[in-house]
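Asks: Chain A is already provided as a structure; the job is to place chain B on it using the hints.
What follows is each chain in one-letter form.
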Amino acid sequence: MSEAGTTTGPGAGEPAPELVPLNAIFATDFVQILVPVTTADTMAEVAAAVAYHVEGKRVRALPYDKVVIYHGERLPAGLTVAAAGIKPLDHITVEYDIPEGS
Amino acid sequence: MALLKREEWQGFVRDVDWSYRYVDDEAVYPEWHSGTGKVPREAWAAWEESYKVSYPEYVATQREKEAAAYAVKGALQRSGVWDGLSEGWKSATKMHFGGAAVAEYAAVLAELKMARFGLTGAWRNMAVFGQLDELRHASITTFFGHEFIGRDPQYDWTQKAYQTNNWVAIALRNLFDAMMSSANVVDIALQLPLVFETGFTNLQFVALAADALASGDVNFANMISSIQTDEARHSQQGGPTLEILAEHDPVRAQWVVDKTFWASARALSALTGVSMDYYTPLEHRKQSYREFMEEWIIDQFIRTLEQYGLRKPWYWDEFMRGLDVWHHALHMGFWVWRPTIWWRPMAAVSPDERAWLTEKYPNWEKVFGDKWDVIIDNVNAGNVAATLPETLPWLCSNCHLPCCNATQSRDGTWRVRDFSLSYDDRVYHFCTIACRQIFWKDRSGVNHETLVDRFLAGRIQPMDVGGVLGYMGLTPEVMGDDPDYEAWTRDYQGRPAAGLVPAAQP
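Protein chains in written order, with this note's numbering: chain A, 36 to 137; chain B, 1172 to 1677.
Chain A on its own, in the form it takes in the complex:
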């Protein structure tokens, strides 16, 4: 229901982004939530869309980048939802990318 994480319209010749509602959990939060993204969103934007509902609200914000984990794989920040093959109703986890030794 939030607008966070959605992007602007497609360029010429590109298909219009399609809505992709996801089952998502942010780090140590207590509950999975519904987060709508689009096929054109990058993983950085997806992570921000999930974090919007939780970070600093129920999970204390940390000064690290965030990473989307899908089927156990860490996805690159620039990869789009469409390119990652993420489908509506799929589950993703968003974690802080905490450097080793921190």
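Be careful, since some hints might not be right.
Claimed, not checked - Stretch by stretch, here's where chain A covers chain B in the computed footprint (C-beta under 8 Å, at least three residues):
| id | stretch |
| --- | --- |
| 1 | 1424-1432 |
| 2 | 1483-1492 |
| 3 | 1498-1510 |
| 4 | 1518-1530 |
| 5 | 1583-1592 |
| 6 | 1662-1676 |
Claimed, not checked - Where chain B lies over chain A, by a calculated footprint (3+ residues, C-beta under 8 Å):
| id | stretch |
| --- | --- |
| 7 | 78-91 |
| 8 | 103-115 |
| 9 | 122-131 |
Bear in mind the hints are in silico, worked out from the structure with no lab data behind them.
All values reported here derive from a predicted model rather than from experimental measurement.
Glycine is no exception: its CB is placed at the ideal position from the N, C-alpha and C atoms.
Replies: The following block gives chain B in isolation, referenced to the frame of chain A:
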């Protein structure tokens, strides 16, 4: 003329089983309603209730119960008792009224189904008393809740809640439709009288009665205690049914008992667990939810299983671990999504309350304390808006409660994990492994769509917070909110608080 002894007339007046000349037995007791399955039809003749009652005896006893319950209500109606009750306790009663009043009427229909399609006269006779009991429960619960509508509009949900598309109400209908409405009578007898009424109503009617008395709510304690005396009688339909089914089809008996115990445990962790460990004022709590479950439910359930030659359910370890997690997470869920419920949830996480929770649940701080601390710091920073939801929790496709059950990793951390399956070209998510397993085995049965399913199908318009609240029937005067933020945040004021979201600029 000397009176006949009971044993000389009981069978004659009770066992009304005709020999049909114009139709066969299947026409009168069709399988889809009566559900004899692998049990030979004649085996049901051995069905025998242990506590026998005649209609005149029943009426005389019930009259006394009704007179006593209403006498207490009449005496207290003009007193100031209600005004002195805590908001937390009032929330426990609103939750009960809304969750139980119309569900009791659904139980009327279940008892009537057994009264018509039960496979022996003794069973049908007992079910007639059972439906009269449930009719009384529906009436008394509705009437007792109705009294308070003039003082607080949330009590209007006593009758309204179960008939709305509120997510809690959908979860309850999902539970009780499977338990009471859509099943055949053999399964109903195991699901409703045996598992739910012999076991789980103790939670709501015995545990909550004790907390009600301690909280000063004599009227509510009086009402639910009166109801529980009926449960003790008509719940005995379960034992004889299980005895016969377990002898002829133990696999079915085990499955029906297992899945109903699980579904009941999930629902009651939301209703009773939250009421006992959070809404009941700290000084009035008698036992923790876990302690009560262990003493009143688990021991008895294990004894019942052993008595009938059944095994512990396959999910037992997951269930026992859930006693330390489920209701705490659901409490946080009710609190965060408080505009979507018809009571005022107390967060109840002051230092003293957290000390009690930690004493009863040693992992509580590790699993839940960090989230509550961020919420507390936001409230103390004047940013209550940050604690309000802007999306939906994901609801389990089996129990319809939020997917919020953290489990411990090998490294000691607690995380909520995804339990999903793909079926019929879509992905389903579940709160637990057992919910996924039960859904899979029962997938051909009727499954309600969760609120999230309905939202994503576009049936809730507009697709925003206002649209969702409207779909659930919530109006501004009913939507829940914490009744006293300061009560549980004041002791944390002034402490350093990093990592909070900035307050939105007006």
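Asks: Could you work out which earlier hints the structure fails to respect and list their numbers in ascending sequence?
Replies: Result: hints 1, 2, 4, 8 break, sorted rising.
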